[in-house]
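Respectively, the protein sequence lines represent chains A and B. Counting in this note's numbering, the first sequence runs from 1 upward without gaps. Counting in this note's numbering, the second sequence runs from 1 upward without gaps.
Read the hints as simulated data drawn from the structure, not as lab findings. None of these values were measured; they are calculated from a predicted model. Every residue, glycine too, gets a C-beta built ideally from N, C-alpha and C. Any given hint could turn out to be false.
Unchecked claim - Derived pair list, reagent style DSSO-like, types lysine-lysine, alpha-carbon separation capped at 27 Å:
hint: 1; chain 1: B; residue 1: Lys66; chain 2: A; residue 2: Lys97
hint: 2; chain 1: A; residue 1: Lys97; chain 2: B; residue 2: Lys41
hint: 3; chain 1: A; residue 1: Lys97; chain 2: B; residue 2: Lys20
hint: 4; chain 1: A; residue 1: Lys97; chain 2: B; residue 2: Lys64
hint: 5; chain 1: A; residue 1: Lys97; chain 2: B; residue 2: Lys55
As the list claims (entries may be wrong) - Which stretches of chain B does chain A cover? Using the computed rule of at least three CB atoms under 8 Å from a CB of chain A, they are:
hint: 6; stretch: 41 to 55
hint: 7; stretch: 105 to 116
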Amino acid sequence: DAKTTQPPSMDCAEGRAANLPCNHSTISGNEYVYWYRQIHSQGPQYIIHGLKNNETNEMASLIITEDRKSSTLILPHATLRDTAVYYCIITYFGNEKLTFGTGTRLTIIP
Amino acid sequence: GAVVSQHPSWVICKSGTSVKIECRSLDFQATTMFWYRQFPKQSLMLMATSNEGSKATYEQGVEKDKFLINHASLTLSTLTVTSAHPEDSSFYICSAMIASTSTDTQYFGPGTRLTVL
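Could you build all of it, start to finish, from the sequences and the hints given here?
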């Protein structure tokens, strides 16, 4: 699986859009970008995933660059409950294993 | 939908005893379940993968005789930490996967915090 690089921490004001970047320059053509988050002392929560097209669901939007070497997770209107560690994971569809890196610790500031 | 539960949510035990943790998919059948371990201020590390009715596949460095996994049905997997020691104290998290043609997503349980005295 391709490795990912994420900033260790970010702050975002409550109510603003939180944009979390992820670099995955070694991604291969059939690897997907998955995003999970982990709120303190809880299990990870699935957010969104995509292959090459931008994706949106009720939680977030995922923007993948045309060369697929990076992506951005967007939380459109961050709330205090969005404070968590966000993990960007690259894996093949059908590959059962998820390799969690160190993620980005996002803190939403009132 | 896609809810995974774990029981217990926390447990304290004496060194040398065994502890069983249950993982259930409540509203779906899971083809595969996974067990992770997370030490304080570290990321999740996959311990093993289990499929219903077959033996679990353990990651390198995980002792299969110490961490017994039983996957009895499509909705239940158990992890037994045998002869637990203080270094086994950790946050244990399971996940269950719904496999389909359109998505291949793991859903995680809330975790079980094990403290071995």
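Please write out, lowest number first, the hints stated earlier that are contradicted by the structure.
none
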